Amino acid sequence: MKAVDFDYAQPATLDAALELLAREDVMVRPVAGSQSLGPMLNLRLAQPELLVDITRIAELRTIRQEGDRLVIGACVTHARLEDGDYPDVTRGVLPSVAAVIAYRAVRNRGTIGGSLAHADPAADWVNVLTALGADVVIAGTGGRRSVPMTDFILGVFETALQPGEIVAEIHVPALSDRARWGYYKVCRKTGEFSHATGAVLIDPARGVQRCVAGATSGKPVVIDGPALFADGCTEAAMAAHLAGSPAADDPIALRTHTVALKRAIAQVMS
Amino acid sequence: MGEVSTAGSGVGARVRRKEDDRLLRGRGRFVGDIALVGMKELAFVRSPVAHATITGIEIPEEHRGTVFTWADLAAGGVKPIRAVSGLPGFKVSEQPALADGKVRFVGEPVAVCVAATRAEAEDIAASVFVDYAELPVNSDMLEAVTPGAPKVHDHWPDNVFLETNVGGTIAEIAATAPVKVSRTIRTARQCMVPLEGKGVVAHWDRHVEQLVLTTSTQMPHIVRAGLSECLDLDQGLIRVVAPDVGGGFGWKGLLQPEEIVAAWIAMRLDRPVRWTEDRREHLVAAANAREHHYEITAYADARGRLLGIEADAWVDAGAYSVYPFSACLEAAQVGSILPGPYDFAHYRCRTFSVCTNKPPIVPYRGVARTGVCFAMEQMIDAVADAVGREPWQVRLENLVPPEKMPFDNVTKKHFDSGDYPESVRRAVAAIELDGWRARQKAGEADGRLIGVGFATYCEQSAHGTAVYHGWGIPMVPGHEQAQARITPDGGLELRVGVQSHGQSMETTFAQVAHEVLGIPLEKIKLVHGDTGLTPYSTGTWGSRSMVMAGGAVATACRTLAERLRRIGAHLMQAGPEAVVLEEGSVKAGAAAVTIREIAHTWYRAPQLLPADVDRGGLEVTAGYKPGSDHGTFSYATHAVAVAVDPEIGQVEILDYVVVEDAGTMVNPMVVDGQIYGGVAQGVGTALYERMPYDAEGQPLASTFADYLIPGFTEVPHVRIIHMLTPSPYTEFGVKGIGEGGAIAPPAAICNAINDALKPLGVTVTNAPMTPEVILCAIAETRGAA
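Top to bottom, those sequences are chains A and B.
In this text, residue positions in the first sequence follow this note's numbering: the first is 1, and each later residue adds one.
In this text, residue positions in the second sequence follow this note's numbering: the first is 1, and each later residue adds one.
Hints listed in this document are in silico derivations from the structure and should not be mistaken for laboratory results.
Please note that a few of the clues may not be correct.
In silico contact screen, one side only, chain B against chain A (beta carbon under 7 Å); selected entries [unchecked claim]:
| no. | residue |
| --- | --- |
| 1 | R118 |
| 2 | A119 |
| 3 | E122 |
| 4 | D278 |
| 5 | R280 |
| 6 | H282 |
| 7 | E647 |
| 8 | L708 |
| 9 | L775 |
If the Cβ cut is set under 10 Å, some of the chain A residues that face chain B in the computed set are [unchecked claim]:
| no. | residue |
| --- | --- |
| 10 | L14 |
| 11 | C187 |
| 12 | I202 |
| 13 | A260 |
Just so you know, these numbers come straight off a predicted model, no measurement behind them.
Virtual Cβ for every residue (Gly too), placed ideally from N, Cα, C.
Build out the structure end to end from the sequences listed, making use of the hints.
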């Protein structure tokens, strides 16, 4: 299939982009790497009248350190995060996770902000940035606001973005020297979407003990604090913590999510 | 064993492919690359429901004249596709190229829209409103054969295209056999997903007064025959051309409704039109294959020697019978080939070609053999388990031994040659079974379970006249013809009616001709895939092209050689008996005259020719059939080692060995390539590929995000070991090899998974063996324990 007829704009500044995105006379959508929206356009699942390409906006393509945070522009590609031309404050989380997103061809174009805005529960950044405790800076014509990941992802393909708003930056807190992390996803084949994702961060100096079960039928399931670790991280304890969450839709799914989480935790413990 | 040399560039040489220079540089010319002046693009309105009566089609006023329905085609004299089998009891389906008042599967074409671009044609398609009165749906073949099931074709008494019964009663064996094992086995509905989808450009060539259909096909001559029948147009008014074709696997081995529509529109509008199938159309609307269901029982003695096999088999043939293979080829083939490469005496098999509200089933690489091998090889392992022996030992116990070759099996299949047991012994050695058994015993640090599986098959290929006459379908292969023509500068043109869409024929047929004539490969040009330029052929299917068309090329070249020898002898003033054709020259002792010089004489200096010269000249069309009409039988044993993760149900292939016998290999590198590609598809059948349907007949996968195929990282490194038993019946002893790689992987991988799961008491019997299937089987066994 071919996309419906649409107009295309490629503004050079964020303000120009936001102005276009605020138009109410046409159906408008932002696009960055086009790795999710592209197929949706071609399947006519998305039928915008105006596509605003934000990838030429310089400020959205920068990575910089601000104190104990790394600020990543929304249009930074997975490939760049994989290749690591920036001060990695995450002790390897960003490049390691970026390297296992889909295939390199997808990573060359796909962006971190686009992945969050699309909010596929199986997406790597949706779960990993939740585990890292990142904040999302949202820009709109009314200004900017910062939202923690746990409040940004609201459900399957649902985010805190309001009409006319886009993801501008992701703020990732630096990990302390003794922080440890684990990441495990269950994919049927290399590069395929995850069926169960476990992401774990333990950073004693910052008082963080966080487990995330992702690729569920809802927003990431966060088990924050020492409870799970106090329970010895047994499979039974994990299953109990996941019970009632979107990870427990059926026994087979619950089992697979438990295993993903168990294997992520094992990386931290080893 | 054969003694063909692998040096040089003739038969047996590992020559690089001539076509790669074009294809690997992206310079091929596919349907999608063609641009004709004034060409329009087509988009189809397709049914969103599986079974319904069409109560109205509303075409917006502004699009009248650019949207066409069956009413327009029927008024123009277009007839539905009828692919009839002569087997007794076959029920005929009529498939109109656009739906005629009723739709029978999701994706069935209902109307066609014409515009300058595909996107605009799709805009028009979206504006056409079709009113459907939905009918009850047959989404599962076993339910479709129950009394009271909704009927796909109203005038039929039931939903069965054909029931066949092979063999006799085996009640006595059933009552007395020491070992009896039964299984329910199923393979999923698959799509073929060649890299290039289907595509067609049609236009009326005013100069030659012909309809020219440039189409992505494996069989241009058969498409011409079918078009002629449906359009009621003389075959002389139709030329079908296959340009570069990016893989077929069976999907391009049939006449398609879209081809008929494109041809009719081109004539109606008197301008070129094109339709290119997109991936969504491919996955949803067409190219379905493989869906089998078996209830099968094996009887054996205490050593595992097979006493008999009894089976009922169902094939979900979809809504219509495809042209030319028909809806019953697959299931009828199940009945005749289920016994596989084994020697046993008692057999009974009943098959049903079931009509359902799904796209028509199409023969896919290996056709019924992949399902048959999946069923039979599971039974061998089940018998081995029952008698407490290694599965490979039970295979050795039952395979036809070399001393019995040639051998007529229980269904009268004529196995031509080979050492089947040796393929098993070599596979056991190559996979290093003892090492895996030791590792199994020790256990894996990561908790995964190791398993090893084997599967053996033999494959009838290059089917002869009698075999296809028996099916009674619209296509019966006879003598395959090839034309060989020496050019005035001493080169060679070969013209064949088969079509190369990955088989490397531009290289391998040149090797065959070189073997006979000695003309260098770079001076040999293959012309193929064009009814206007080549002799009639049923096309490329059934692993037949090298046996049949290769044999015809050799035959034509031998006739040319004799003519060249006689002219050469005259030019050297030698007797014809005193000269030989060697290395591209006719030689008499120390004297020699090159083919180039002889060609120059024939074409440019005929005054030098002898008075009694053969007036046929340096151009020959020759027909060929192998010495046996039963086809050739290649065979192989596949061995695979896997690690199964019982926590998440994932399977990793750790090693994969193919021991195969294709007889004489014209180009071993090409044979290896065929096997690698086939195994990749077999891995897809085994672990990934499934087109799921819901109860309403809706396909639940429409992109590669839902329909998984193996990628680079999922296809194992395959180690190939060649055996080499020439066929006694063919030129050079070649056997068909194109499909074999895709036959055994699901069976071998299934047996390996079950070997791995044995400590858990778990057995899986359905393909694909996805994590969900494996986890459910483990959970069920736990629940039952």
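Verification of the supplied hints:
Hint status for R118(B): holds, given a least beta-carbon distance of 5 Å to chain A, under 7 Å. Checking A119(B) against chain A by beta carbon gives a least distance of about 4 Å; that is within 7 Å, so the hint holds. Restraint check, E122(B) versus chain A: the minimum CB separation of about 6 Å is within 7 Å; hint holds. Contact between D278(B) and chain A, as hinted, is supported at the beta carbon level, the nearest pair being about 6 Å apart and thus within 7 Å.
For R280(B), the suggested interface contact is upheld, since its CB lies about 6 Å from the closest CB of chain A, less than 7 Å. A hinted interface residue such as H282(B) counts as satisfied when its beta carbon comes closer than 7 Å to some beta carbon of chain A; here the least separation is about 12 Å, so the hint is violated. Below 7 Å, beta-carbon pairs count as interface contacts, and E647(B) has one with chain A at about 5 Å; its hint therefore holds. The closest approach between the C-beta of L708(B) and any C-beta of chain A is roughly 6 Å, which is under the 7 Å cut-off, so the hint is satisfied.
At its closest, the beta carbon of L775(B) sits 5 Å from a beta carbon of chain A; the interface hint therefore holds under the 7 Å criterion. This hint is violated: L14(A) has a C-beta 31 Å from the nearest C-beta of chain B, more than the 10 Å allowed. At its closest, the beta carbon of C187(A) sits 9 Å from a beta carbon of chain B; the interface hint therefore holds under the 10 Å criterion. Taken as an interface hint, I202(A) does not check out: its beta carbon lies about 23 Å from the nearest beta carbon of chain B, beyond 10 Å.
Satisfaction of the interface hint for A260(A) is found here, the shortest Cβ-Cβ separation to chain B being roughly 8 Å, below the 10 Å cut-off.
When the structure is compared with the earlier hints, violations turn up for hints 6, 10 and 12 and for no others.
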